[in-house]
Structure formats: structure tokens, C-alpha cells
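Chains as they are written, first to last, in the working numbering: chain V, 1 to 245; chain B, 246 to 568.
Don't read these hints as lab results, they were simulated from the structure.
Treat each hint with caution, since some may be false.
[Said to hold, decoys possible] Here's a subset of chain V near chain B, in silico, CB distances under 7 angstroms, partners left out:
#1 M1
#2 S2
#3 R53
#4 D82
#5 G88
#6 M90
#7 L107
#8 F111
#9 D113
#10 A132
#11 G137
#12 L139
#13 V169
#14 A171
#15 Y178
#16 L180
Remember, predicted model here, so these are calculated numbers, not experimental data.
Backbone N, C-alpha and C define an ideal beta-carbon position, used for all residues, glycine too.
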Amino acid sequence: MSAIEVRDVTFAYASEPVVDGVSFDVEEGAFLGLVGPNGSGKTTLLELMIGLRRPDSGSVSLFGEPAVDFADGERIGYVAQDVANANGEMPITVREVVRMGRYPRRLVGCFSDADRRAVEDAIERVGISDLADRRVGRLSGGQRQRVFIARALAGEADLLALDEPTTGVDAESRESFYDLLHELNDEGLTVVLIEHDIGVVTTHTTEIACLNRELYFHGSPEAFVETDALADAYGGSQHVIHHDH
Amino acid sequence: MISTQILVSLAFALFTDGLVGGAVDFVLDDLWGTALELLAALTGFDILALPFMQRAYLAAVCIALIGPLVGSFLVHREMAMIGDTLAHSAFAGVAAGLFANAVSPLSVSPLLTALVVAAVAALLVQALVDHAGAYRDTSLAIVLTGSFAVGSVLVTATDGGIAVGISAYLFGSLATVTRINAALLLAMSVVVIAVVAAAYRPLVYVTFDEVGARAVGLAVTRYSQLLAVLTAVVVVAAMQIMGVILVAAMLVIPVAAATPVRGFTRSIAAGVVAGLLSTVLGVTLSYWYDVAAGGTIVLVAIGIYGVSKGAVWANHRISLGDI
Numbered sequence: 001m002s003a004i005e006v007r008d009v010t011f012a013y014a015s016e017p018v019v020d021g022v023s024f025d026v027e028e029g030a031f032l033g034l035v036g037p038n039g040s041g042k043t044t045l046l047e048l049m050i051g052l053r054r055p056d057s058g059s060v061s062l063f064g065e066p067a068v069d070f071a072d073g074e075r076i077g078y079v080a081q082d083v084a085n086a087n088g089e090m091p092i093t094v095r096e097v098v099r100m101g102r103y104p105r106r107l108v109g110c111f112s113d114a115d116r117r118a119v120e121d122a123i124e125r126v127g128i129s130d131l132a133d134r135r136v137g138r139l140s141g142g143q144r145q146r147v148f149i150a151r152a153l154a155g156e157a158d159l160l161a162l163d164e165p166t167t168g169v170d171a172e173s174r175e176s177f178y179d180l181l182h183e184l185n186d187e188g189l190t191v192v193l194i195e196h197d198i199g200v201v202t203t204h205t206t207e208i209a210c211l212n213r214e215l216y217f218h219g220s221p222e223a224f225v226e227t228d229a230l231a232d233a234y235g236g237s238q239h240v241i242h243h244d245h
Numbered sequence: 246m247i248s249t250q251i252l253v254s255l256a257f258a259l260f261t262d263g264l265v266g267g268a269v270d271f272v273l274d275d276l277w278g279t280a281l282e283l284l285a286a287l288t289g290f291d292i293l294a295l296p297f298m299q300r301a302y303l304a305a306v307c308i309a310l311i312g313p314l315v316g317s318f319l320v321h322r323e324m325a326m327i328g329d330t331l332a333h334s335a336f337a338g339v340a341a342g343l344f345a346n347a348v349s350p351l352s353v354s355p356l357l358t359a360l361v362v363a364a365v366a367a368l369l370v371q372a373l374v375d376h377a378g379a380y381r382d383t384s385l386a387i388v389l390t391g392s393f394a395v396g397s398v399l400v401t402a403t404d405g406g407i408a409v410g411i412s413a414y415l416f417g418s419l420a421t422v423t424r425i426n427a428a429l430l431l432a433m434s435v436v437v438i439a440v441v442a443a444a445y446r447p448l449v450y451v452t453f454d455e456v457g458a459r460a461v462g463l464a465v466t467r468y469s470q471l472l473a474v475l476t477a478v479v480v481v482a483a484m485q486i487m488g489v490i491l492v493a494a495m496l497v498i499p500v501a502a503a504t505p506v507r508g509f510t511r512s513i514a515a516g517v518v519a520g521l522l523s524t525v526l527g528v529t530l531s532y533w534y535d536v537a538a539g540g541t542i543v544l545v546a547i548g549i550y551g552v553s554k555g556a557v558w559a560n561h562r563i564s565l566g567d568i
């Protein structure tokens, strides 16, 4: 079954569409990398895919339901661009953030043993047990990203949507972060990732969608590197990507 | 308009004389009064036995509980200015109440009109912020100055009789806490605490990660409106002692003082403690030296903030091994 079905979706902020006639499916258990130049509509498309925006035309369905009316919000873990770097002064701890993963199911009332176990398991799964009582604002960028992943895992999310999660994260933490995503994907979690580093995307994902307002490519990373989709999508600016030293 | 005023007056008559009146007597005299008189006898602290100081201390405790409680969400959503804006709308509400009392035979509590006007302004501000997006400072400034303008026009529209009454609300005063006002303040505090307790988890989620909250299906706009209206209630409740101009301080300064505490829930508790120290000490000093209560409370709160920042700095130096 498809986790997400995008059907001929068009969306514009003003008159000029930023996403134009895009269609593709994301199967359950896929690890999709969404690539494209700056301003190519990647973030907007991701927001359309998880129902944060309503398409001007076309439709998006999420686990078989219309995405904008999707009721089981806790099935989706979304980490917006730069959210991990925002709100650094709020004295909230790692455990308090991970507990939020349970909030959609338990808006009021005491946490059950199952809730508490899910929180502790999620903290352990992403390897931040030693940081559980630290303030989120005091962590490094890579550690903070793990907190957000743990929050989604605590909510037993089926889909993880990440918008450039490793911006400003050092290379080593970045590598181990993608290893973690890879493992979680192997365990059955569907992942949609926006990433500007094409190398990361081609090595870690199972499929790639290349976007610049329109969809230029959707398929396996192996097929992607064989095509000219990247050059086409980046258009005239392609020479900027390749440096000859 | 007239019929609403009659209804309000009627509700007030019931409030003072009926069942509610009995409950107010019980809480103010039998519970709070007796407790403070006992404390006065034990400590030799005579002012605790004065009825008007008992009401002032009750207001002090209420403000210290609800100010930092709601303020914690505002400060960490970077919406601290909304407190100041709503305080100025409450001023317009007070002026409207005093104006209505001056030009008509009805008697409306200025606190009630302040509550209504501030709550409406809260929803208006939230709508403006939602639509204007990046220009939120501008919309807040328009509502802030606009309501103060309405207030000042209303104050001067009569022959000047209400200008005297208004200054008590501008700068705050211990004497404005009448029995009715103390009872209203207590009721508003109970409502604020109950609502925050019920909506605590979604409010925390929305405060920390608004987009994430929207993605998991929380009604972010509704919770933002709720927070704005709660702020309006806190502002009106605290206005009698703090004064319109300084009331926003209780939403911000104790919260800022508590920020070094680790854990959001614990930081709220610490903010309440900082608030209690500020208001109780401030009310006491204000009585002793016969100076404005609001100003004294704010100065004590800033002192506590300074101590908190100093402690963090010293702790940092020690951990670095400098001392």
C-alpha cells in the first residue's frame, strides 16, 4: 500500500505556482530523498504531502485518507527546517520533548505504563539516554535532531518527514544520524527527507524525487545518477555544483 | 447594550447578596482571614490582620500564581508584548466601565468591562497576528495605542470626575482591592489555573514547536486564541494592584528569572516562587513605605531576576575553575 499518493498537485503562494502538476507515490517502508535547487518547492511539496497545506488543484492522500483531513496526526513525525535550532532558551528537557510524542493520544490524564515505556524506549533507540535530563537548547545540532526523531518514535509514527535535518551539523554526527535513519527505515519506518547534499541522498535513500517546480525524476538512486534529471532540474546553474580543482 | 448592562447589574446583585456572596464571605473571612490572623498572632506581623491588607495579600498570591503560569507560554513563544497590549486594552475597558457609570444610572464594575474589552482585543490581536504574519509587532502596536487612545478619549469625555478613578487603575493601588474585586480576582485565578491545567500538554507542544503541533493535528490557532484570552484574564486580574502600565511585568520578569531552571514544568514552578516573593514582599514594602504597589513589586521582581542571573554567572565561573 502507498503511504503517500500525490496526484497532479499544483500549489501557488501568489500567481506563480511553486509546485506544478506533480504526481508520484511513496510506498510504505520507502526512504525517499527529495532533491532540487533552492526555491524549487521542496518544502512546500513536503508540507502538501503531510497535509499542512491544501493543494490548489490535484490531491494528496496519506495512508489512504485525504492528507489535509488526516486524523491520526501522531502517525506522522515532522521536523520542520531549522526547528531544532529555534527556541533554544526554552528550559525544556529532552525527556519533556520526547513525551510530546504521546500527547496527541493523551491530551489530558496520567501517562500509562505503556506511554512511559514508549518514551524511554524511544530515547534509548536513538542513543540519547545520557542526555534525557539535559536542556534541549544546550545540545548540539545533531543531538537535537535525535530528540525530534525520538519524539516521533515515542508517538509510534509510521512516517517521518524531515526538512534538511542536518544543516549546521558536523560531518561525523551527520553520518551517524543518517545511519540511524537507515536502521529505522530497515525496521519499517517510511522516511521522506529533504536534503541538499546529493551524495547523502544517493547513498542512503531507496528512491529519489527530483523537483524544480515540476517533477523531473522519480525512481531509484541508481537510475537517478544515470539520467540527466539533476542537470535538467538545476538548469543553467548546474555548473555551480561541479568544481574542477 | 442597555439590556446587557441590566443583566450585568443583576448578576452583580446576585453575586453580592445571594449564594455566591455567602461563598465569598466564607473564603475571604473564614478561610483566608482566619489563616492570616493566625499567622499575624504567631509572627507578630500586625499588618496581616488588617482586612484591606488581607485582600491585598490574597491578590498578591493570585497574581504570583497566574502571571508566571501564563507568562511562561508567552515568553517562550516570544509573545511577551501581547501582555502589554492587552493591558492597554483593559485600560480602555476600565474607562468604558467608569464612563458608563458616570453617564448612566447603572453601576458596572470597571473590572468586568475591562475583562470583556481585553478578551475581545485578545482575539483581535490573535487574528491580526495570524493574518499579518511577519508584521506582528505592527499589529500589536496598533491595538496597543488604539485602545489607549479610546481610553483617554472616554476619560476626558465626561467633566473629569472619572479621571480621578482612572489613576488608581493606571498605577495600581492596594486600596482598589475591594471585597468584590478580591472575589473576582480569586474566581478569575481559579478559572485560569483550571484551564491551563486542562490544556497544559497542547499548550506546551504549541509553544515549543508550532509547526510540529500542526502536523500532529493539534488545533494550533485555537490554542493560540486560548492563550491570548487567558493573558487578557491575567492582565485584568493583576491590574488592580499592578496598574495598567506595569501589569505585563508579572507575565515576563518571574519567567525570565526562572529560565535557568532545567525542565519546563519545573521552570513554571520556579517562576511562581519568584512571583510570590516579588508580590508578597512588594505589597509589604509598599505598605511600609507608602509607595506604589505595582512599582515596588516590579522592582523586587527585577532584583530577583538579577540574583538569578548572578547565580548562573557565578556557577559558570566556578565550573570553569576561575574561582
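Which hints from the list above does the structure break, by number from lowest to highest?
1, 2, 3, 4, 5, 8, 9, 10, 11, 12, 13, 14, 15 and 16
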